[in-house]
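Asks: Throw the hints in and build the complete structure from the sequences for me.
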Amino acid sequence: MKYQPLPWKDFLAQRPAVLDSWPTGKDVASIDEGLRYQRGIPESKNFAKAMAKAKAAGRTLLQPRAGVALIDDHIRLLRFLETEGTADLLPTTIDAYTRQNRYEEAARGIEKSRAAGTSLLNGFPAVNHGRDGCRMVTEAVTKPVQVRHGTPDARLLAEISLAGGFTSYEGGGISYNIPYAKKVEVGKCLRDWQYVDRLIGYYEENGITINREPFGPLTGTLVPPFISHAIAILEGLLALEQGVKSLTLGYGQGGNVLQDLAALASLRELADEYFHRAGFDGYDLTLVFHQWMGGFPEDEAKAFSVISLGAFVASAGRVEKTIVKSPQEAVGIPTKESNAAGLKATRQVLSMMMDQQICTDNVVIRRETDLIRREVDSLMSAVFAAADDDLVQGIVRAFAGGILDVPFAPSIYNKGKVLPIRDNEGYIRLFAKGSLPLGEDIMAFHKERLQERSKAEGRPVTFQMVTDDIYAISKGKLIGRPK
Amino acid sequence: MKYQPLPWKDFLAQRPAVLDSWPTGKDVASIDEGLRYQRGIPESKNFAKAMAKAKAAGRTLLQPRAGVALIDDHIRLLRFLETEGTADLLPTTIDAYTRQNRYEEAARGIEKSRAAGTSLLNGFPAVNHGRDGCRMVTEAVTKPVQVRHGTPDARLLAEISLAGGFTSYEGGGISYNIPYAKKVEVGKCLRDWQYVDRLIGYYEENGITINREPFGPLTGTLVPPFISHAIAILEGLLALEQGVKSLTLGYGQGGNVLQDLAALASLRELADEYFHRAGFDGYDLTLVFHQWMGGFPEDEAKAFSVISLGAFVASAGRVEKTIVKSPQEAVGIPTKESNAAGLKATRQVLSMMMDQQICTDNVVIRRETDLIRREVDSLMSAVFAAADDDLVQGIVRAFAGGILDVPFAPSIYNKGKVLPIRDNEGYIRLFAKGSLPLGEDIMAFHKERLQERSKAEGRPVTFQMVTDDIYAISKGKLIGRPK
Amino acid sequence: MDVPRIVLGVIGADCHSVGNKILDAYFTEAGFHVVNLGVMASQDEFLDAAVESNAGAILVSSLYGHGLIDCEGLRQKAIERGLDKILLYVGGNLVVGKTPFAEIEKKFKDMGFDRVFSPHDDLTEAVKLLRQDLEDRKR
Amino acid sequence: MDVPRIVLGVIGADCHSVGNKILDAYFTEAGFHVVNLGVMASQDEFLDAAVESNAGAILVSSLYGHGLIDCEGLRQKAIERGLDKILLYVGGNLVVGKTPFAEIEKKFKDMGFDRVFSPHDDLTEAVKLLRQDLEDRKR
Ligand code: B12
Ligand code: B12
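Residue numbers (my numbering), protein chains in the order written: chain F, 5 to 487; chain G, 5 to 487; chain E, 223 to 361; chain V, 223 to 361.
These aren't lab readings, by the way, just hints derived from the structure by calculation. Quick reminder that beta carbons are idealized off the backbone N, C-alpha and C, glycines included. Be a bit skeptical, because a hint or two may be false.
For lysine to any residue, the following SDA-like pairs were computed, each having C-alpha atoms within a straight-line distance of at most 20 Å [unchecked claim]:
1) F:LYS487 to G:ASP359
2) F:LYS421 to E:ASP306
3) F:LYS187 to E:GLY241
4) V:LYS329 to G:GLY121
5) V:LYS320 to G:ASP303
6) G:LYS116 to V:GLU357
7) G:LYS340 to V:GLU294
Derived Cβ-Cβ restraints for the label pairs, each shown as a range [stated by the list, open to error]:
8) G:LYS459 to V:GLY304: 35 to 43 Å
9) V:THR321 to F:ARG378: 53 to 61 Å
10) F:GLU143 to E:VAL273: 25 to 33 Å
11) G:GLU302 to F:ASP445: 24 to 32 Å
12) G:GLU302 to F:GLN468: 52 to 60 Å
13) G:ASP365 to F:PRO486: 55 to 63 Å
14) G:ARG63 to V:PRO322: 57 to 65 Å
15) F:ASN210 to G:GLU302: 45 to 53 Å
16) F:GLU273 to G:ASN366: 19 to 27 Å
17) G:ARG139 to F:THR122: 29 to 37 Å
18) F:ARG378 to G:GLU273: 49 to 57 Å
19) G:ASN366 to F:GLU115: 42 to 50 Å
20) G:ASP445 to V:GLU325: 50 to 58 Å
21) E:ASN276 to G:ARG63: 52 to 60 Å
Replies: Shown next as structure tokens:
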């Protein structure tokens, strides 16, 4: 495989069209102005530094998700989350029109929100608010702020938000396409993300480290760890290729504690191995654990417990960051109080568990870690084999051939043939493997484990079981057993 | 040691005075009427049966605490907890005047509560409401109901509540005296509880099994497992001696997950060993785990997390029952909604963890189990040695000599010289052992672990550390570190 | 007996695909012919599909909070397209933030939807209502 | 300088001893002479101890919810015993159930208490107030 950054002249060639795609683009025409601005940001507000410090100290930082339509409201929200919620890291979640580059609709959302006196957008339309709007936000708070979105073509958003003082950028060419879009070509999206990573690489060359976080959980719904791991590692390679140095890989809680701990342990190890093997060095790798990303229980007391269990795993898994849900998750975008409540509940678990050593090394965890390794290796070598030295090509072909396949994803470029089901102990296994290049021994294990459940429940493994599992946690169970 | 039940004629000799101590006593003059009534209670409402079933099925049942002054309100409360809260087992928590046999004050509390339209008593005054009042309660619900109190002289309460259809009775001659009273002589209380246990033994002889549950957590505040274990086992022996067959021993969450798991494992084993060695057989032993019994955080989101962590341990420890706290614990007796919220949060954790095997056997848990065993054995053999074949005498002398000593207890008959402190990982250890008969090797271990913390915090082990630990969980930590 | 036809999809810029896949399977199994547009379907796509398939009902999902904006005018457009008898159902997390369901229901009914569902409504019930409503429309 | 004397205890049938032990240690360290009655102290015990020790203040704890019933009449009785200048402080979980603190405070102030504390009030603050109030009473 050949890794080489996008040539700077190619980057610059693309740039005018990117900036032209919405009027606020012209404010960031000078990259150097953005760099100068970033140089003025105190260290304590740099996301990459905060992550590195957490790693050194063995601490887990807390970050919520939050974003509303209007600047003032958004500032009030973030301030509340850092004071009352004691968030360590702040987000700015981008609205769904902006994510699809539908800036006109975002503009309408801003107008309507002003008129309604409440946010009618599901996030902060950073492109519409422009560089200065972003600076108002990042200057108003004391903690590092990250852009969290779900944007296949996130080039303009990156230009504006980095110049606007954000110091971390979520997403990736796979993870912000396949789960978030319907008709975006895999190759097109990967190339647009090369632009983003190259921009951040340029900042890095100029002394400004911006943290990059591929979106680990994908569809958030019963994704087997090896699938999200393979994608996280691929996006990590693509980011490192462009010169990114502060990299945070993510994993979304699956619900079985030991599988989750095995997933976290293996993600850290595998990523480092693949990165070193590809010749990358001198980067800073950290992990983020997302509390349960699938359907939540409507009842807030139950939702609190899902949050606490997630916090427990974050703590036992010794991750550098955990993304926190709110007790209103199943219902709607949380009020700031509800968002803070999720943070406080998480904080309580983390600080009660902080000094405790929970058994993370036992025979079961080793079995699962080993399984995940073999599965990831199977996918990765198939992707590499399809790549002809060009990783982007490899990934495009991998999706076309079902070597990579994300369960329940909306993208038409995703085969959608993989069906996960929980086994009798709640581990996420494969019911249908689609075209995933997994060996027979591996599939035999999955099958055996599912038969165990089938027997226990006295029913065959069918799509009904998949559906039952999708609903299970929202209905107060882990496994979707028949009544 | 000689074990022999209180002779029936001695029981009957005491009885008139017991029943005469409050007018409602006369309604239960005929024990046989009570037995007949109990025979009419459906199996599904027998507490002992429910516990045995849970044991056989490997399930953990949920029980809240609840009690208000007036019958109708109390019924409404219990019904809400069994429907909305999906409690498996119901409580009737008795008010604090009744616990001190101050029935006149309880009567005043009932009056004032009627006038105020809200309960001014902190529990249900079962003696004042009498047999028929109790029957109204136990008949109004579908789940087994237990009397939960804290009454040193609980003879009349037992007579009335058993005839009133309750099928489980909490307490014991140590656990309902030392943490709950100031001036009640140890021997007097033990003899009064012989009466209670004998009454239940009589029910048993006549085919009605009443579940008995010594109160495990004692003062609920940093009690080292071995102290509460020794007392639980002693109360178990005293109950079995009187013919009790369904016995549930309790333990209150300490906060360090591995210590708690070791405590649960060792309690089950040790109890069986001591009971068998004493010649008892044919009893049914189950365990109850109390979610954190010390000071709670005021913030409800944080309280939810303390509840969830407790639920997690209950599940991993495979206990038959867990007693659930509410998110309002730090503030006041919970509303029925808040009480149900605690149940729902607990249910969510239990059902998500139900099918998962969490590592309960590892080197640390074995180290702690072994330690607890040696500590319990030290106390037990000293109590037996002091007993001269009479366990009651042995216990009286043990408290007088500090062989048994409960931290922070109010009783003047408790030496109060034992001071617990958390070590650097949050395990509850001994700072001062008072006169507890623990060998030097054991104390050396405690000391070593505390020195580790002392070094980590750069301050000596003092009473300030004890205070800090008492406050810690309510302030969002496990260990009371200096700021 | 002919199979009742319905159009299903997630409106706007909404990517939540999990519920959509489940609804597809559910209504298919319940005996409907489901034309599923998947996620990110525009109003026009819904109406085109309804015209083409001669559907009796359009089932709109909106999970991500922009439901009010995305659904505005759908009823009028349907009438313009001659679909004046078509049933319009909508369900999901329809607005931004926790809001009393009665309020949400009213807003969407005012916009011309026949029935409005919360994410926690029972699908058996929805199927029953849809069958009934389709029957009623026939007369 | 003479050491200010205070009487401390948990009133009624209340057995909560943990906070009482901490308060004893805290006020002692803060320089007070503490006469600690422990738990389950009656009104008469509080007043007897105050008379005997010539205390400037009585600090009543009530955790278990019966605070209103147990504290009723303490001020009058104190006056009857000639303790008409004595400070009465009360703190803890004073009533049954979650209740706005302002309401609780009013009830106990109406009963003649000088200051009312919630379980989460800062003890440093309490010590400061007590010192100040004792000074003021002297004049
Ligand atoms: C998984 C998930 C995701 C995944 C989706 C992956 C995918 N491609 O599907 C990811 C992580 C990518 C994601 C992204 C976002 N999400 Co999202 N997501 C969820 C989550 C946790 C579960 C959704 C789910 O799959 N549920 C399981 C399925 C089976 O249930 P369902 O979707 O509700 O569908 C059922 C019912 O609603 C009902 N139903 C639906 N439509 C209809 C129609 C009719 C006629 C009937 C009868 C019934 C019906 O039947 C369905 C089947 O049972 C929900 C919260 C929750 N529910 O717990 C948030 C949630 C829906 N997301 C939300 C948001 C805001 C977003 C984002 C904008 C990011 C952000 N700001 O946080 C982006 C959306 C970007 C975009 N372009 O759409 C919000 C919506 C807020 C609101 N309405 O106020 C929610 C509620 C979370 C929250 N509380 O903030 N999300
Ligand atoms: C531990 C505990 C117990 C233990 C007590 C062991 C013992 N002997 O001490 C046990 C399990 C035995 C117990 C029993 C009961 N308890 Co209890 N218990 C608690 C718990 C969990 C912690 C108390 C504690 O030790 N806190 C730590 C100490 C340091 O804090 P503290 O007690 O609040 O004291 C501090 C402050 O209040 C303040 N303060 C107190 N007084 C004063 C006075 C002044 C002047 C000032 C300035 C400050 C001040 O300073 C103290 C030191 O920092 C509380 C709930 C909570 N707080 O989380 C319930 C609680 C106090 N108990 C309660 C009840 C009702 C009972 C029972 C009646 C049983 C029942 N119905 O559930 C029985 C009481 C029987 C009796 N006769 O009293 C209720 C009271 C309800 C209410 N007021 O509405 C509470 C609030 C729990 C609840 N939410 O239901 N309990």
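Asks: Hint by hint, note whether the structure agrees.
Replies: Evaluated hints:
For a cut-off of 20 Å, the pair hint linking LYS487 (chain F) to ASP359 (chain G) stands: about 16 Å separates their Cα positions. Between LYS421 (chain F) and ASP306 (chain E), the direct Cα distance comes to roughly 38 Å. Violation of the 20 Å bound is thereby established for this hinted pair. Only pairs whose Cα atoms come within 20 Å are accepted, and LYS187 (chain F) paired with GLY241 (chain E) is accepted, the gap being roughly 19 Å. A distance of roughly 17 Å separates the Cα atoms of LYS329 (chain V) and GLY121 (chain G); the hinted pair therefore holds under the 20 Å criterion.
For the proposed pair LYS320 (chain V) and ASP303 (chain G), the alpha carbon gap of about 12 Å is at most 20 Å, so the pair holds. At most 20 Å may separate the alpha-carbon atoms for a hinted pair to count; LYS116 (chain G) and GLU357 (chain V) exceed this at roughly 39 Å. Pair hint LYS340 (chain G) plus GLU294 (chain V) does not hold up; C-alpha atoms about 28 Å apart against a cutoff of 20 Å. A C-beta distance of roughly 55 Å is found between LYS459 (chain G) and GLY304 (chain V), which places it outside the suggested range of 35 to 43 Å.
The hinted range of 53 to 61 Å is satisfied by THR321 (chain V) and ARG378 (chain F), whose Cβ atoms lie roughly 60 Å apart. With their beta carbons about 52 Å apart, GLU143 (chain F) and VAL273 (chain E) fall outside the hinted range of 25 to 33 Å. Between GLU302 (chain G) and ASP445 (chain F) the C-beta distance comes to about 54 Å, which lies outside the given range of 24 to 32 Å. In this structure the hint that GLU302 (chain G) and GLN468 (chain F) lie 52 to 60 Å apart at CB is violated, the actual value being about 45 Å.
With their beta carbons about 32 Å apart, ASP365 (chain G) and PRO486 (chain F) fall outside the hinted range of 55 to 63 Å. About 40 Å separates the C-beta atoms of ARG63 (chain G) and PRO322 (chain V), a value inconsistent with the hinted range of 57 to 65 Å. A hinted range of 45 to 53 Å holds for the C-beta pair ASN210 (chain F) and GLU302 (chain G), which are about 48 Å apart. A beta carbon spacing of about 21 Å between GLU273 (chain F) and ASN366 (chain G) agrees with the range 19 to 27 Å that was offered as a hint.
Between ARG139 (chain G) and THR122 (chain F) the C-beta distance comes to about 54 Å, which lies outside the given range of 29 to 37 Å. A hinted range of 49 to 57 Å for the beta carbons of ARG378 (chain F) and GLU273 (chain G) is inconsistent with their spacing of about 39 Å. Between ASN366 (chain G) and GLU115 (chain F) the CB atoms are about 60 Å apart, so this pair departs from the stated range of 42 to 50 Å. Restraint check, ASP445 (chain G) to GLU325 (chain V): a C-beta distance of roughly 56 Å satisfies the suggested window 50 to 58 Å.
For the pair ASN276 (chain E) and ARG63 (chain G), the beta carbons lie near 53 Å from each other, so the given range of 52 to 60 Å is met.
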